[in-house]
Amino acid sequence: MKRVLLLLFLCWPLAISAVQDIYQFENGADEQRFRELLVLLRCPKCQNQAISDSDAPIAKDMREQVAAMVRAGHSNAEIVDYFVQRYGDFVSYRPPVTPQTLILWLAPLLAILGGGLLVLIQILRGRKVARGEDVL
Amino acid sequence: MNKSGWLFIPLLAFVGLAILLASGLGRDTEELPTALAGKPLPTLQLPSLMRAGTEVNNELFLGHWTLLNVWASWCPTCYVEHPYLMQLADQGVRLVGLNYKDDLDKARQYLAKLGNPYLEVAVDESGSYGIDLGVYGAPETFIINPRGEVVFRYVGEVNERSWQQRFMPLWGEEKQ
Numbered sequence: 000m001k002r003v004l005l006l007l008f009l010c011w012p013l014a015i016s017a018v019q020d021i022y023q024f025e026n027g028a029d030e031q032r033f034r035e036l037l038v039l040l041r042c043p044k045c046q047n048q049a050i051s052d053s054d055a056p057i058a059k060d061m062r063e064q065v066a067a068m069v070r071a072g073h074s075n076a077e078i079v080d081y082f083v084q085r086y087g088d089f090v091s092y093r094p095p096v097t098p099q100t101l102i103l104w105l106a107p108l109l110a111i112l113g114g115g116l117l118v119l120i121q122i123l124r125g126r127k128v129a130r131g132e133d134v135l
Numbered sequence: 000m001n002k003s004g005w006l007f008i009p010l011l012a013f014v015g016l017a018i019l020l021a022s023g024l025g026r027d028t029e030e031l032p033t034a035l036a037g038k039p040l041p042t043l044q045l046p047s048l049m050r051a052g053t054e055v056n057n058e059l060f061l062g063h064w065t066l067l068n069v070w071a072s073w074c075p076t077c078y079v080e081h082p083y084l085m086q087l088a089d090q091g092v093r094l095v096g097l098n099y100k101d102d103l104d105k106a107r108q109y110l111a112k113l114g115n116p117y118l119e120v121a122v123d124e125s126g127s128y129g130i131d132l133g134v135y136g137a138p139e140t141f142i143i144n145p146r147g148e149v150v151f152r153y154v155g156e157v158n159e160r161s162w163q164q165r166f167m168p169l170w171g172e173e174k175q
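Chains as they are written, first to last, in numbering that gives the first Met the number 0: chain A, 0 to 135; chain B, 0 to 175.
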């Protein structure tokens, strides 16, 4: 009995997540592409949500458009480009490197380099202290 | 830099961050840049709301400066901006409406009750032309130049202030 109950509980979340999936595709590869595109495209209305998890009407329209284009055999790049032309770079979670988006791409690198520099300074300072030199 | 100079680095970092964050305060993050700026209005082929059997197409925009206003009877802000659109129409501003994902009877009632500022209203029941325009809600208002190109897109309520500040500088302006 316990096992049966456990099994039922395990099935529950799967049933819930399946509700959203009303899009049918001819093959698994298309469905995989559809899922990838849904998290790559950003909802222009409820910003900072992908169109996969937004309830905004525009996100639903965009999902339908993506599904239609996937079924029609458009490549992922073509589909992303279709939306970027209409909504701008904002709509892609992987924006191209342009003067406006450069900071997005460089910021993590700068943070790592800056942090590394601080660590290096601390280490060098520690060595001087260990040798008994005056650091300040 | 001398050694005590390093002490000021946290202060400088703080000031830099404060300036960066302060510049973001009060900025309207809802408004996205006009992706279609300088490009022709996407191919328009939609039925007219008021004239049954008539098609609205891009030719309507050629030769005149026009405001293309995306509206719907389900959109609360559209009711708010509607009196101002009536006023603009009275002043001779050429307005074309795009009725976006609406119930057609309700849309007609809306205009019958509140007045019709539009020269013509195109019906986009499915929202597909909205996607071509990069529309993500209503109201949105586009300036279209006499060559039928998109000059500017504005998201939100058109009123005296936004008209003066955002539209007027671009309205009727021809880039040489």
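By construction, these hints were calculated from the structure, which means they are not laboratory data. Each residue gets a CB set at the ideal place from its N, CA and C atoms; glycine is no exception. There's no promise every hint is true.
[Unchecked claim] Restraint-style ranges between C-beta atoms, simulated for each label pair:
id: 1; chain 1: A; residue 1: Leu-117; chain 2: B; residue 2: Ser-125; range: 52 to 60 Å
id: 2; chain 1: B; residue 1: Glu-156; chain 2: A; residue 2: Gly-27; range: 44 to 52 Å
id: 3; chain 1: A; residue 1: Leu-117; chain 2: B; residue 2: Pro-39; range: 46 to 54 Å
[Claimed, not checked] Heads up, simulated BS3-like pairs for lysine-lysine below, C-alpha to C-alpha not over 25 Å straight-line:
id: 4; chain 1: B; residue 1: Lys-100; chain 2: A; residue 2: Lys-59
id: 5; chain 1: A; residue 1: Lys-44; chain 2: B; residue 2: Lys-38
id: 6; chain 1: A; residue 1: Lys-59; chain 2: B; residue 2: Lys-105
id: 7; chain 1: A; residue 1: Lys-44; chain 2: B; residue 2: Lys-100
id: 8; chain 1: A; residue 1: Lys-44; chain 2: A; residue 2: Lys-59
id: 9; chain 1: B; residue 1: Lys-112; chain 2: B; residue 2: Lys-100
[To be verified] Derived list of chain A stretches under chain B, where covered just means 3 residues or more per stretch with a C-beta under 8 Å from a C-beta of chain B:
id: 10; region: 59–69
id: 11; region: 83–91
Comparing the hints with the structure gives:
{"no.": "1", "hint": "A:Leu-117 / B:Ser-125: 52 to 60 Å", "verdict": "holds (55 Å)"}
{"no.": "2", "hint": "B:Glu-156 / A:Gly-27: 44 to 52 Å", "verdict": "holds (46 Å)"}
{"no.": "3", "hint": "A:Leu-117 / B:Pro-39: 46 to 54 Å", "verdict": "holds (52 Å)"}
{"no.": "4", "hint": "B:Lys-100 / A:Lys-59", "verdict": "holds (13 Å)"}
{"no.": "5", "hint": "A:Lys-44 / B:Lys-38", "verdict": "holds (23 Å)"}
{"no.": "6", "hint": "A:Lys-59 / B:Lys-105", "verdict": "holds (23 Å)"}
{"no.": "7", "hint": "A:Lys-44 / B:Lys-100", "verdict": "holds (16 Å)"}
{"no.": "8", "hint": "A:Lys-44 / A:Lys-59", "verdict": "holds (11 Å)"}
{"no.": "9", "hint": "B:Lys-112 / B:Lys-100", "verdict": "holds (20 Å)"}
{"no.": "10", "hint": "59–69", "verdict": "holds (count 3)"}
{"no.": "11", "hint": "83–91", "verdict": "holds (count 6)"}
Of the numbered hints given earlier, the model fails none.
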